[in-house]
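Participant: For chain Z, the structure is supplied; the task is to place chain C on it using the hints.
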Amino acid sequence: MDALVAPVPTVDAATWRAALDEAKSKLARLAVRRAGAVRFRVTDHEVRTAFSPVTVGTDTATPFAWSALTARRSIGVAAVRSLLAGRARSPLEAVRDRLAESSLWVRDGSSSATQLDRWVDALPPAGRAAVGAEAVTWATRLWCALDWSSFPSTPVVGRDHWWDSPHSALLALRGRADVRSANAHLVVLSGPRRGSVRAELALVTLVEALRLRGGDVPGRVVGWWPDSGHLVRVDPEPAVLTLGTEAVELALGGAGTSLRSAA
Amino acid sequence: MVLVAPRPLLRPAPSGDAPVDRGTGAEVLALLRGDTAARPRFDPGLAGGLRAWLEDAAYDVIAARGEHAPPLFLGPRQLLGSADELDGRDGRELTDRLVLSRLVRALLRQLVQTGEIEDPLGDALDALHASGEEADTAEIESLSAPARAVLAETLALHARNLTGLVPRFAPGWMPRTNDRVAIPLAGGRIVLHGVFDLVVGLPQPRTASVCALGLSTSGPWAAARRSLHYLALLETLRSGSPPFRLALLESASGRYGVEDVREEHLRAIASHIAAWLGNADSMNTDSMSAAGAATTDG
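Residue numbers (numbering that gives the first Met the number 0), protein chains in the order written: chain Z, 0 to 262; chain C, 0 to 297.
Treat the hints as calculated values from the structure; they're not laboratory data. Wrong hints could be hidden among the right ones.
Derived, one-sided and incomplete: chain Z residues facing chain C with beta-carbon distance under 10 Å [to be verified]:
#, residue
1, P62
2, S66
3, L68
4, A70
5, L91
6, L122
7, P123
8, W137
9, T139
10, W162
11, P191
12, R193
13, G214
Have a look at the derived ranges for each label pair, beta carbon to beta carbon [stated by the list, open to error]:
#, chain 1, residue 1, chain 2, residue 2, range
14, C, A51, Z, H44, 44 to 50 Å
15, Z, V4, C, A151, 49 to 55 Å
16, C, S143, Z, A64, 26 to 32 Å
17, Z, T241, C, E66, 26 to 32 Å
18, C, S270, Z, L169, 56 to 62 Å
19, C, W52, Z, D163, 48 to 54 Å
20, Z, S110, C, Q203, 41 to 47 Å
21, C, L142, Z, T241, 56 to 62 Å
Sample of chain C residues lacking proximity to chain Z, with all beta carbon distances greater than 10 Å (derived) [said to hold, decoys possible]:
#, residue
22, R32
23, A148
24, H192
25, S217
26, R225
Small disclaimer: the values here were computed from a predicted structure and weren't measured. Where a beta carbon is used, it is the ideal one built from N, C-alpha and C, also for glycine.
Next comes chain Z alone, as it looks inside the complex (with noise of 0.2 Å):
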């Protein structure tokens, strides 16, 4: 996957702080207008489900419950991350190991168990095991589709960033990536192909552009599809501003039809 390491194109520095001046005034605006409503965070999944208002009851009438499905990605990054630092040789081995780590955590009451390992330790063998296999499958296909060596210092595995309003705390954007290197942020994606994606990963490129000191400009955001193995590149430049705070507004209720019918 050449796109994470190749070089980032030039951005005009004048025309990018004025893009990112824009969008930090705009976000500013709705936040202001969110004053007095709950705290609402703006993931990938607000922006995706923004812009396809047919999914959005579906997904609204279905609380949020783990399942083997639900709980791979976290446990796939960090099966990836233990590849990765040498303390396991394969996925399969990455995986028991975390799973393994869950019930430890659980059984001795340490403050790192989270409620998936509450989950995972509660389930039977049988049910631990079908949420393994849906982890490994996730992390081997992961951990094949890059060449690890080829990046100059070690990516950062499965951290997301989020960025908090400064001008209220009910405000808060989630950047979602798989995979961060010195200039590439790598995202795993599922599901059909969407008009939607360039809104979810010009999101992942707002929230790094307004999480960076003295207006810096953030790396390449790729999406990839594990499934058809396409890619989808979105490089850093004033227009993807631009397109994820349209997102971050059309997530929030506000306006933004333009984008919706766009995509």
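Facilitator: Chain C alone, transformed into the frame defined by chain Z:
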């Protein structure tokens, strides 16, 4: 079908309650491993040629259906036809077979993950619960005691055969189950999809280096083999190289077969799909528009 070892292609299942030959999994493993120095190198233009062929056929369908028609999601059932449907089996029997297929596949995943099955029906139900497949589990749990006993007995037979057939892969073989493939054609307006039951080996550029194992729970053998060839085609389109070897395990009988993937297998399936697409405008494709949307990727 090309044999890669002097073994009968269809190995008979042990009869009655005789213990399954534990050596069978080792035989499957030896056949999959084969001669590691002789991994076939495929023409790097093969995948592109096959895709171009299918894209041409897909664009003809889009031209006939209209640019704004919803995407078509096509899997082996639509493209290759279900043997059950051809046999004229009734809906109840089809549902039972589907449920059995899901349960046996859950046991296969468990076997690969942990190497053992303790209580086939209980384990499979636990796996379906954990996978969020509550509708199936509720249906099975609501069965009468005699019906449940019959299902448990049937599943135990499949589990015994699977335990004998499925090799114990070293973790370094990177065994992964339920590997979904989805290949968009015509800009995503047609999606060919399928699921590998089990894949082993590391993908390598320009070399066929992975093996795929398919599970057939109810046959017929020829249809299951054709489905595996279809998946091999999808893998070729996804990664540029086909799997180099395929194994088909029949859990009801304990039979198995292993064969190399050849270009003619891929061409034959691509030709079939192109012909299917050529006739698609005369079919009712409404039910194929939404079916796979929730589960297929990419």
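Participant: Each hint: holds or not?
Facilitator: Evaluated hints:
{"no.": "1", "hint": "P62", "result": "violated, 12 Å"}
{"no.": "2", "hint": "S66", "result": "holds, 3 Å"}
{"no.": "3", "hint": "L68", "result": "holds, 7 Å"}
{"no.": "4", "hint": "A70", "result": "holds, 9 Å"}
{"no.": "5", "hint": "L91", "result": "holds, 4 Å"}
{"no.": "6", "hint": "L122", "result": "holds, 6 Å"}
{"no.": "7", "hint": "P123", "result": "holds, 5 Å"}
{"no.": "8", "hint": "W137", "result": "holds, 9 Å"}
{"no.": "9", "hint": "T139", "result": "holds, 4 Å"}
{"no.": "10", "hint": "W162", "result": "violated, 28 Å"}
{"no.": "11", "hint": "P191", "result": "holds, 6 Å"}
{"no.": "12", "hint": "R193", "result": "holds, 9 Å"}
{"no.": "13", "hint": "G214", "result": "violated, 35 Å"}
{"no.": "14", "hint": "A51/C <-> H44/Z: 44 to 50 Å", "result": "violated, 36 Å"}
{"no.": "15", "hint": "V4/Z <-> A151/C: 49 to 55 Å", "result": "holds, 53 Å"}
{"no.": "16", "hint": "S143/C <-> A64/Z: 26 to 32 Å", "result": "holds, 29 Å"}
{"no.": "17", "hint": "T241/Z <-> E66/C: 26 to 32 Å", "result": "holds, 28 Å"}
{"no.": "18", "hint": "S270/C <-> L169/Z: 56 to 62 Å", "result": "holds, 58 Å"}
{"no.": "19", "hint": "W52/C <-> D163/Z: 48 to 54 Å", "result": "holds, 52 Å"}
{"no.": "20", "hint": "S110/Z <-> Q203/C: 41 to 47 Å", "result": "holds, 43 Å"}
{"no.": "21", "hint": "L142/C <-> T241/Z: 56 to 62 Å", "result": "holds, 57 Å"}
{"no.": "22", "hint": "R32", "result": "holds, 17 Å"}
{"no.": "23", "hint": "A148", "result": "holds, 20 Å"}
{"no.": "24", "hint": "H192", "result": "violated, 8 Å"}
{"no.": "25", "hint": "S217", "result": "holds, 22 Å"}
{"no.": "26", "hint": "R225", "result": "holds, 21 Å"}
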